[in-house]
Structure formats: C-alpha cells, structure tokens
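Residue numbers (my numbering), protein chains in the order written: chain A, 5 to 260; chain U, -3 to 468.
Just so you know, not all the hints are guaranteed correct.
Restraint ranges, calculated between C-beta atoms of paired labels, are given here [said to hold, decoys possible]:
1. A:Gln162 x U:Gly244: 45 to 55 Å
2. A:Gln177 x U:Glu38: 19 to 29 Å
3. U:Asp376 x A:Asp125: 17 to 27 Å
4. A:Asp125 x U:Lys430: 35 to 45 Å
5. U:Arg394 x A:Trp105: 24 to 34 Å
Bear in mind the hints are in silico, worked out from the structure with no lab data behind them. Quick caveat, the model's predicted, so the values are computed rather than measured. Glycine included, every Cβ here is placed at the ideal spot set by N, Cα and C.
Residues per chain, in single letters:
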Amino acid sequence: MNDTTAPQVSLFVTCLADLMRPSVAFAALRLLEQAGCEVSVPTEQTCCGQPGYNSGEFASAIPLAKRTIELFEHAEYVVAPSGSCAGMIAHHYPRLLEGAWRERALALAEKTWELTSFLTDVVKLDTAPAHPTALPPITYHDSCAGLREMGVREQPRQLLKTLCDVEVAEMHQSDVCCGFGGTFCAKMPGISAQMADDKLASAAATEAAILTGGDLGCLLNLAGRARREGLAIEVRHVAEILSGDLYGPAIGEGDH
Amino acid sequence: MENHSELFYALSHDALSDGPEVKRRAAMAQFLPLMRDMAMDEFGAFEELRQHVKRVRQHTLDNLDYYLARFELEATNNGNQVHFASDGAELNSIVLDICQQHNARRVAKGKSMVTEETGLNHYLERGGLDVVETDLGEYIVQQAGETPSHIVGPALHKSRESIRDLFLEKHALGERELNEPADIVAEARRVLRETFLTADVGIIGANALVADTGYSMLVTNEGNGDLCANLPSVLIVCTTLDRLLPRGEDASAMQRLLVRSATGQPQTCYTSFYSGPRREDDSDGPLETHIVLLDNERTDILASDYREVLQCIRCGACMNHCPIFAAVGGHSYGSVYPGPVGSVLTPLLSSLEQAEALPNACTSCGRCAEVCPADIPLPDLLRDLRHDLSEQKVTPRRWRFGMRLHAFVAARPGLYRALTNLGFGLLARLGRKKGSFQHLPLAGGWTSARDFPAPQGKTFMAQYQARQAIDE
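With the rest of the complex left out, here is chain U:
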C-alpha cells in the first residue's frame, strides 16, 4: 500500500495554496451534501433502515467465522474458487498467479479500493501485464499517474479542462476538441470498449458478499463492472472479509442506504449479483471465477476497540460532509481511504506513528457521524486514537505537558483564580484599545492564522464575587 499519511501537514498546506482548487472543492462540498439530503428527505426512512443495517453489520462481524465458512461453502458450490489472503502482498501474488496460469496479457479492472490498498496494479504491471482501469474516474487517475482522491469519485479532484488535456495528450486520436463533457465521456467509452473486448482477465471489487448464496454484489453507475465480470474468460473478485452479509435481502437493504448516501441517487444504474462461472445454459459469462478475500489487519481491528469502523459500507458520505476534507481534498491524506473513515482506518492499517496527523485532522464537529449510514461514531473513534497517540507518546511532549499543566491548575480553584486573574487581567488592560492581538507569546498556533481577541476585563468570577460581597 502506498501510504504518505506522514505528509499530511505538507500536502494539506499545498492544497490550501491552490486558489482555483480550493474554490472547486468548496463548490463540491456544497453540492454533494445537498444531493444526499434531497435523496434522504424523499426516502424518509433513513433512521430506521440505518439502525437495521447497523444491527446486521454488527451481527455479521460478531459471527464472522460462521458467515465466512458459509460463504466459502456456497461460493465453492457455485463453482467459484475462494482464496484467503492475509495481507496485500499475498492478494497480489494470488492474483498474478491466476493471470499467469491463463497466459493473460491484458487485465480489465472495475473499481476496487481494496486493490488500491494492496497496490495490485503496479504489481501486475511489474509481472508483465497490461492493466486498464475501466471506471471512468479510475481510468482518468490512472492515465494521469495519480491515485484516487475519493473512494466513490476517484477523479473528483480533477477539473474538466485538466481531463480534456489529459485525454488529448494520452489518446493518439488526431484532431478533436473535447470541450463538452459528453465528448470526453464518449472518447473514454470508445477507448475502453477495446479493453473489455481484448482483456483476458477481469478484476472487480465487491460492495457486499452474501453468505447464504455465495454471491458477490457490485454497485456501479457505468456498467463497466458488469463488462469486466462477463466479457473476459476469467473473473477475479477482490475484496475484504468485512464485506460479508448474511442474506441477499441484507445486501439489498444496505444498497438502498449506500447509493443515497454516496451520490444522492435513489438507485444506481447497475446493481449486480455474481454467482460464479458460466453455466451450461448461460449465453455468456466467465469460464472461471475466483474470489480473493483479504484480511490485512481486519481481524485485528475486529478484536480491538475500533471494530465499529468495520461497519463502514464505503459510501463516502463522511468525506462529502467533512469540512476538513472539503478544505484540503482527498490527496492530502496521503492514503487510500481519506476523510473521517480513512483517518480511523489508515492508522490501523499502517501505524500510529506514520498516520499521527490524521486523527488530529478533525474538529469533532460530528457531521460525519450524523450522516454515516452505518452509524459509526467516527469522532469518538478519532478521539480514542488521539488517546492512543498520547499513551504511546507519539503526541509531541509539549502538548501532553500542556494538557497536564492545564488540568493541574484547573483542579485547584485557588491557584486557577490567582493565575487567571493575573494573566487575563493583564491581557485585558494591554488589549483594551485595539481589542485584539496580532501576536501573542505562547499562542503562536492561534495567532499564525487569526488575531487573538483581548479579554473583556476582569474575569467573571472576580467581578461576580465582588458583586456578591457588596450585596452582603
């Protein structure tokens, strides 16, 4: 997994310096919540369905061994080959082996965040394969040599103009304009059709795995997932084991929340269930199918205090509603999963040291938890990670010391009053004329970005106790 989350401070600083990008992100941050709110208002049953889906997710995670065994049995009975990968390297090598067994040259990929997590594309390319992303957003970022900036809209960070220029540069198709979005999409479609028809192996992700039927569910808007799954002769489904659900109707319930939360649509264009290889009376479909189930820390997370993060259904609503994500964009997080859920997941998938900034990149505003369809208490989990950072002394010593000093003084009202009366009384006198300070010793973090408002005068307690004394 490519992870640069230690660069959060630098990357977010750069992201904030790009004026036009800041404006575009702000516009998206208004548009996406609006779409979601409209869909939820029309739907009306958000809270009931959310609690239902949460219970189902928790039940499945509580009994993961059972549902994994059931899924493996049913999927195998359907003719799939089921593989388990303990980490990203193992998933990559399983997938490359399958490709090599079939002398594959070209792989058509549907969108899959799990294979982003394992760095599968580069691994297969080093193995001599031609790997083409077929989700439009993924295709764009692949052409640009970038990573997705959002788990639902991988190319959300790119402007129409930059996509036009990218296609004009990358596709050798002669003179054309590509000024309209429809022309850009049509060109991608033309290029990608060739890929679907010539690919030897198709690789897709899964939004859910259904234990009682052994089916995997995929939700897309472009139909590229179905083409990856049905045209090549070999299909490989790559996903993590926390995607399991007991029954088809659970996947259906989850899907109703997923789509509204993600894009504000009541339904996507395509929701497909894949059972296995082509049967005798089928007219099409792959001849051989594999399902690779990745663990990569999930069982450890399941056993930890952070298990609720595994309820995530990957809708991206927390990103769409996070004002910090809106300000700095997904790439600033330097990791596969950005935004609030990513800030919980990334430290758990990598290390607290490397991802130290991410749990702190949060104001605890709670907007993410408000919209999360799986009811994950994201601000609480982020705060708990800060607790771990402090316990493991990753938090800088000056912060830990500062908080302890504050608590020491605040637990002693006499000392607290004496110090605050002195300090804030002095600040009030110094600042009375101008009303605020542009620089203040020990408050550099604050005054680097804003003035420090001067205290009004004597503290409330000093004034109040003086009044009480007069009254008596």
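Only chain A is shown next, with the shape it has when bound in the complex:
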C-alpha cells in the first residue's frame, strides 16, 4: 500500500512496550492501519528520556530528547501507545531544551499524539472487527500524564464503546495516581504499594474482570502489586483490548 492521502504515522513504540510487552506496540500498529494510516516504525528509537528527566538528571535526558526529535520530526504524525511518553515529547521537551532545539521540540509537540486520542480526534476510527464473544466487564485507570498533559479521558472510553461494544465500569477516583511515578515506585516502594492498593481496591469494587489503561508503566505497577497480593483481576493495555488481542496471558500472568 502506498496511499499518499493516508495519514503518515511514525509509531513511537515506548521502551516499556518494546522490552516488556511487544503486543501493545503490535496492537497499536494494527489499530493505526485499520484507521487507514500508513505506519512506519523508526528502528533507531530507544527511550524518550523520561527516567532521567523526572529524576532531575536533565543532562542525561537532553541527548535522548534530541535523538528522538531527529528521528521523528519529519513525520506527519507521531503516535505513542502511552500518554506519559507522548506527554514527555509534547509537554516536557520544550521545557527541557533551549534555543533552536526548543523550536524543533515545539514543532514536534504539535504533531505528537497519544494513541487513543489520535484514533478518535484525528483519524476518527469507528469501525473494527466485532469481538467474537462479548467482553467481560472492564474498568479504566486514567494515567496521570495522559489525563493531565495530553487531555485523554473520554477517548479510550469512546473507543471501547464503539469498537468493542463495552461500557467502562467506572471506578471511584479513576483519575488518582496508581503510585508508579517512574523511579518513585523504586525509591518509595511502601507509599507506592499503598497507592496501588487503593487503586486496586477501587477497581475490584466495580467487579470488573479486566483493569485497563493507556500506560504500560501504571499497568506493570498495578499488575505486579495484584500478583503480589494474589488478586484475580487481569491487567491489560487498552490497545490490546481495542485490537482484539485478549487471549494471551495478561500482564504478569504466566503461560497456562
């Protein structure tokens, strides 16, 4: 396919999807193609620099930010299956860089999107293969960066409704942090675990079988805590659910 009118999307894979859960990035690829985009994956990409940036190690983050700009600035759109990485590029690169690099960062910020908001707000995806079976009840955790830096709130819910015919079972305070916070979860594990427990209790109260969200960082944290506490809830990335990839092991679960 070489359709010049198709939106040209560069997929920002995110390091967590690359290393921990490739199915999230493949799901994103399928969804974008289904929406009529021509998707490329720059294979030189690694990490957006967020770990260093949020740790205050700006000197470590700057070269990674510049690399990412060079790799993605020629794209028509940059899409990431993560509000946090998209937020890093769109919201924080301009803050981190100066001079001409700042201008380039601002230009990149303009065309950088979180996956679900790109699918609803730009390409208006509204058809998908119907799921062969009805989905179990699903609850959605609003990741902080997606919600507050990228304005993602209704988009994933709308997609779950239109593509999967499932209404989100809303948990209490879905907009409160799960306790991941990058290096925070390793620096202050006790507080992080308490926050994850609060989130998991809110999710359990909805009686949903699946806890989903748009950021793998939060989901790894919640799945890891759920496994530690022996909770039954499955944790999956929303891109996997939207693309119908529901049959492999959930995050943190083994091959049965």
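Chain U: place on chain A using the hints.
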C-alpha cells in the same frame, strides 16, 4: 522552626503501618476533593478567576518593594506599628518584646502557620507567657503536644475518639461523656471563652495584606480570629511579606478561590479586614496594634527559579488532592508546610540536604497543579529541585550513575538492542511459566513491594525487524 524532614522515610513508614489511620486518611482523601469539586462546579468561573489571581499575585511579587512601602505607609497612617523581621528568631523576639512592654501574662492566638514556622509559642512560653491556641484544630494539637498536620485542618489527623480522650484528660471538668461532636466543640468553646476574656495580647495571622488601605485580611470559620483581634488590648498580626496584594478587591478575588479550594465552602463564616487600633468613636477593638512582616528566605526565593511558589494562597488544596499526602499524612513530612507546596517550600526554607526526600515524594501525577488556585506548576518545581539535588550531589551516587548509564546505552541503538535483546530475552524465558518474578537482582526497590511482570518474549524491535525481513 522545628523541621524533621530528614525523617520522611521513617515517619512515612510508621504512618503506613497504622491500619485504622490509613483508612481514615483514605476516607478524607475522598471527601475533601469531592467538596472542592462540588463548590467549583457550582461556581463555574474557576479558570478565569484563577488566571486573574495568578496575574495579580505575580504582579505584586514583581513589584514587591513598591507594595511593601505602600502598605507600610498606609498601615502606619492607620495607627499600626509595622515591624520587619528577617528571620524567625527576629520575629519571635519582636513579639516577646511587645508582650513584655505590656506586662502580658496570657496570649490568645488565632491560627497562624507563620508563627508555627518560627516556633513562636515555645519561645513565648520560655519567656514566661501563657500561650493558648484558639482555633479548634490548633487548640487540639496544642493540648496533645503535637504540631498541625495540615495548614487548613491542623487536627485532621486526629479521630473524634482521641480528641474526646484528650479533652477528658486535659480539662478538669468532672464527670461527662463527650460522645457527640457537638459536646466536644461546646467544651472547647467554654474553655476558650475564658482565654479570650483574660488574654492581654492577641496574635493572629493574615491571609492577605492590602497595600492601598494598609488593612490585613483574615479568613476563619470559627470567629476565634476576630475575638483574638478585638478583645485583648494589644493585637499583633504576624505574617510573611509575600501575603501582599495591591487592593481590597484583589483580596476579595483571592478569597473567593481560597475558600472553595480549601474546604469547598462558597464562603467562610468570617472574613475580616483589620485596619488598626480602636478609633475614638469605636465601641471596641485593641488599643495598640502591631504588624510583623517576616521575610525568612522569601526575598531569596523571589530572586530564584522557584519564585512561583510564593503565589501560594495557603488553601491546602494540593494536600487534599495529593495521593502521597493521603497515604502518609501531613506529619510524615516533618515540616510546617506538608504536601506538594510544602515539598517545594521546605527545602527552600531549610536545606536541600535535610529535605532531600521531599522533592522525591512525588509521582509527578499533576493533580496538585490541576487544582491549585494560584496555578503554581508544583510538579515542575519539584522536578527542578530534584535537578538541584543531583547537581549538588545530594542524590545518592547509585541513582545518578544509573541514570547516566541508562542514557549512555539508550543513545547508542546498536548497543541498546544488543543488551536489551539479551537481558529481556533471558527474563522472558525464565518468567514464561509463572508470568512474574517475586525477586529480581537489581530490582529490589520494585520487588520489595510488588512482583516484577515477566517480559512477554522477544523485544518488539527484534520481532518487528524479523517480520520486515520476511516481507522483503
């Protein structure tokens, strides 16, 4: 200032071990944001007023010299004596001097975080004075020998039962039950009335200082501030110089945001403007009034990259919405100002070394900045403090080294792919059956609290490039 912020790790650990307390904090963390959201929805003009107040605050701070001079002139013309204190010790000694000049024995205090910052109570007590806090929450923590755990609700950390037991122990009032909140409040009121009527000096804080009239504004729900200000013959207002606003209408605009942000009320029970001592035709009021303006690092903060923190109007909304504050409570921060704004202020008021934990006690979730009525970019300021911690090598060497190593590898895609394919490929094979690891070398911070989910299989890039090769 009593500051134990270096104990954050230990204090928060203890706070998390107290089951019933954890539950109570979680309940408050649901209730307070709900109140605030309801008030803001009804109000409807949050964003416009917030931007207005932010502009006013920034303008005042940009021209602080002018407004300070104007305030001093107007307040003096109204008959006040205006004092400047460069640090907490100076404020304390100015206040003690005034008390001693009047042979004061008893001081009635309205709520004031600034005097918590300077440790005024203990200083006056050592000077032989009887100091009584009259805000109910402050009174409770004073009786318990504690410090406030929240800047708006000082006794938010205490259960009704513990307050009942405290009053039964501290007040020699004979047999009674105190099972109902109303009975507890009535008892405090009875005890405090005696204080108001017998105090020689009243000390209050100020939510705002109005430059063009020389008035100070105080917002309370209990009216105790007015009684402290009007019944004793001497009034001392203690506040910091960043409380200044140009005009009365600016104070009014700020107050509309302050109250909704703090407690979710459209209005508090009492908002008072104090002009100065009793005039000839006044029926009551103090005979002599003093205003003590504390700097204590504020002019340094004003000249630094952290000046936006001075826009704070002390509503406590960032605390009410911070999930970390909700988990560990205000006392864990070990400092006068807890929560997100405190985590910015405390290192600036004390030292980065001592307060090292506080800028890190944040997930950058941004909920505090979302609700902040002064639009302070708290997560950005906390991240900048982490940058300072790293630059000044306060951050442990293993973290700094780890981040540099990560950046070194991530900037070299060939090396990055080789290492990640090897490492994560191995982890995926080892973890396939169980799906996650209970222990993992080098990931102790993670696995101390949660399992480490196993990688799914080969990395995305390895799989993707293999597919591309087949397609070609």
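Hint check:
no.: 1; hint: A:Gln162 x U:Gly244: 45 to 55 Å; verdict: holds (47 Å)
no.: 2; hint: A:Gln177 x U:Glu38: 19 to 29 Å; verdict: holds (20 Å)
no.: 3; hint: U:Asp376 x A:Asp125: 17 to 27 Å; verdict: holds (26 Å)
no.: 4; hint: A:Asp125 x U:Lys430: 35 to 45 Å; verdict: holds (40 Å)
no.: 5; hint: U:Arg394 x A:Trp105: 24 to 34 Å; verdict: holds (30 Å)
Of the hints listed earlier, there is not a single one the structure fails to meet.
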